[in-house]
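Chain A is fixed; fit chain B onto it per the hints.
There are 2 protein chains.
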Amino acid sequence: MPPISDGILESALYVDDVGASARFYEKIFGLPVMVDFGPRGCAMKAGERQVLLLFKKGASLSIQSPHDGDGELHVAFAIPAAELERWEAWLAENEIPVEERTTWECGGKSIYFRDPDRHLLEIATPGVWPF
Amino acid sequence: MPPISDGILESALYVDDVGASARFYEKIFGLPVMVDFGPRGCAMKAGERQVLLLFKKGASLSIQSPHDGDGELHVAFAIPAAELERWEAWLAENEIPVEERTTWECGGKSIYFRDPDRHLLEIATPGVWPF
Chain A
1 MPPISDGILE SALYVDDVGA SARFYEKIFG LPVMVDFGPR GCAMKAGERQ VLLLFKKGAS
61 LSIQSPHDGD GELHVAFAIP AAELERWEAW LAENEIPVEE RTTWECGGKS IYFRDPDRHL
121 LEIATPGVWP F
Chain B
1 MPPISDGILE SALYVDDVGA SARFYEKIFG LPVMVDFGPR GCAMKAGERQ VLLLFKKGAS
61 LSIQSPHDGD GELHVAFAIP AAELERWEAW LAENEIPVEE RTTWECGGKS IYFRDPDRHL
121 LEIATPGVWP F
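As you go down the protein sequences, you meet chains A and B in turn. Start counting the first sequence at 1; every next residue gets the next number (this note's numbering). Start counting the second sequence at 1; every next residue gets the next number (this note's numbering).
This is chain A alone, in the form it adopts within the complex:
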């Protein structure tokens, strides 16, 4: 079996309003738009070597390799443990309600909230997973 390099390069969310979603991820997470696909969506730089793709719902059905999604999907971002309190304050300051707080077996902590399409976002400190 040939290897992959190190995990997932691109994750995609399907959204109603690409501009509004891009502004949300830029404002809340600091992700810059890296490539603009026009009305079809955009690619946001999520860390050193990862990409969060935002696609307008239904707009990638007539390309060569079609894809599309619906629903309230889930994506998690890693945060340093020492930043959890600042994240709580930052979400409050931006009037983003926290939907759930969890402390995991390995000691990690997660906070869950929603993006403009109600995709379920999680920020997670080290110790959520056994690595």
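Treat the hints as calculated values from the structure; they're not laboratory data. Be a bit skeptical, because a hint or two may be false.
DEER-style ranges, computed between Cβ atoms [to be verified]:
no., chain 1, residue 1, chain 2, residue 2, range
1, A, Arg-86, B, Phe-37, 28 to 38 Å
2, B, Phe-37, A, Asp-36, 29 to 39 Å
3, B, Glu-95, A, Glu-95, 43 to 53 Å
As a list, the in silico SDA-like pairs of lysine to any residue whose alpha-carbon atoms are at most 20 Å apart [what the hints assert, rightly or not]:
no., chain 1, residue 1, chain 2, residue 2
4, B, Lys-56, A, Gly-71
5, B, Lys-45, A, Arg-40
6, B, Lys-57, B, Pro-80
7, A, Lys-57, B, Asp-117
8, B, Lys-27, A, Pro-3
9, A, Lys-45, B, Gly-107
10, B, Lys-27, A, Asp-6
11, A, Lys-45, B, Lys-27
12, A, Lys-27, A, Glu-83
13, B, Lys-45, A, Phe-131
14, A, Lys-56, A, Ala-82
15, A, Lys-109, B, Arg-49
16, A, Lys-57, B, Glu-72
17, B, Lys-27, B, Pro-80
18, A, Lys-109, B, Gly-127
19, B, Lys-57, B, Gly-47
20, B, Lys-45, B, Pro-80
21, A, Lys-57, A, Glu-83
22, A, Lys-27, A, Asp-17
23, B, Lys-57, A, Arg-118
24, A, Lys-45, A, Phe-24
25, A, Lys-45, B, Ser-5
26, A, Lys-45, A, Pro-3
Just so it is clear, the structure is predicted and the values come from calculations on it, not from any experiment. All residues carry an ideal CB built from backbone N, CA and C; glycine is no exception.
Just chain B now, kept in the frame of chain A:
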């Protein structure tokens, strides 16, 4: 704005048959199952510090923070440039049809194919994105 650590920790796909999908990602990409959520799904280790979550469609709607998805979603995995030919051979050996091959402006190459739910998978060498 508080920082994230380095990108996306968890990406999720919603699938019809968790066992079949887990076997696919284990066989084709070598991802081990890290945590089994029973009938709701499983977490696969995707690289050193990333997780691919496979959720049974419709099975995460009655948890505290519900999420769910439908459609043919998109995920990409990074591969080393030197492994592209071995990946072509590996997909052929496993009778997985390649749907599209692309060479990008920055010199990177992508190969697109489907998982058991027709989620659009991409393997991409360095040079697909400007980083």
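- Hint consistency between B/Lys-27 and A/Asp-6 [alpha-carbon to alpha-carbon, up to 20 Å]: holds, 17 Å
- Given the proposed pairing of A/Lys-27 with A/Glu-83, does the C-alpha separation stay at or below 20 Å? It holds: about 17 Å lies between the C-alpha atoms, which stays within 20 Å.
- Given the hint that A/Lys-57 pairs with B/Asp-117, test it: the Cα-Cα distance must not exceed 20 Å. OK: A/Lys-57 and B/Asp-117 at ~18 Å, within 20 Å.
- Message: Check the hint pairing B/Lys-57 with B/Gly-47 against an upper bound of 20 Å on the C-alpha distance.
- Response: violated, 24 Å
- Verify the proposed pairing of A/Lys-56 with A/Ala-82, using a straight-line Cα cut of 20 Å. violated, 35 Å
- Message: Can you confirm whether the C-alpha distance between A/Lys-57 and A/Glu-83 stays at or below 20 Å?
- Response: violated, 33 Å
- Would you check the hint for A/Lys-45 and B/Lys-27, treating anything up to 20 Å between C-alpha atoms as holding? Not satisfied, since the Cα-Cα distance of roughly 29 Å exceeds 20 Å.
- Item | Restraint check for A/Lys-27 with A/Asp-17, where alpha carbons must lie at most 20 Å apart | holds, 15 Å
- Message: Does B/Arg-49 sit within 20 Å of A/Lys-109, going by the straight-line distance between their CA atoms?
- Response: Cα-Cα ~16 Å, so holds.
- Message: Holds or violated: A/Lys-45 and B/Gly-107, Cα atoms, limit 20 Å.
- Response: holds, 18 Å
- Query: B/Lys-27 and A/Pro-3: Cα distance at most 20 Å?
  - Reply: holds, 12 Å
- Proposed proximity, A/Phe-131 with B/Lys-45 (alpha carbon, max 20 Å): Holds, at about 9 Å.
Violated hints, in rising order: 5, 6, 11, 14, 18, 19, 21 and 26; the structure is consistent with all others.
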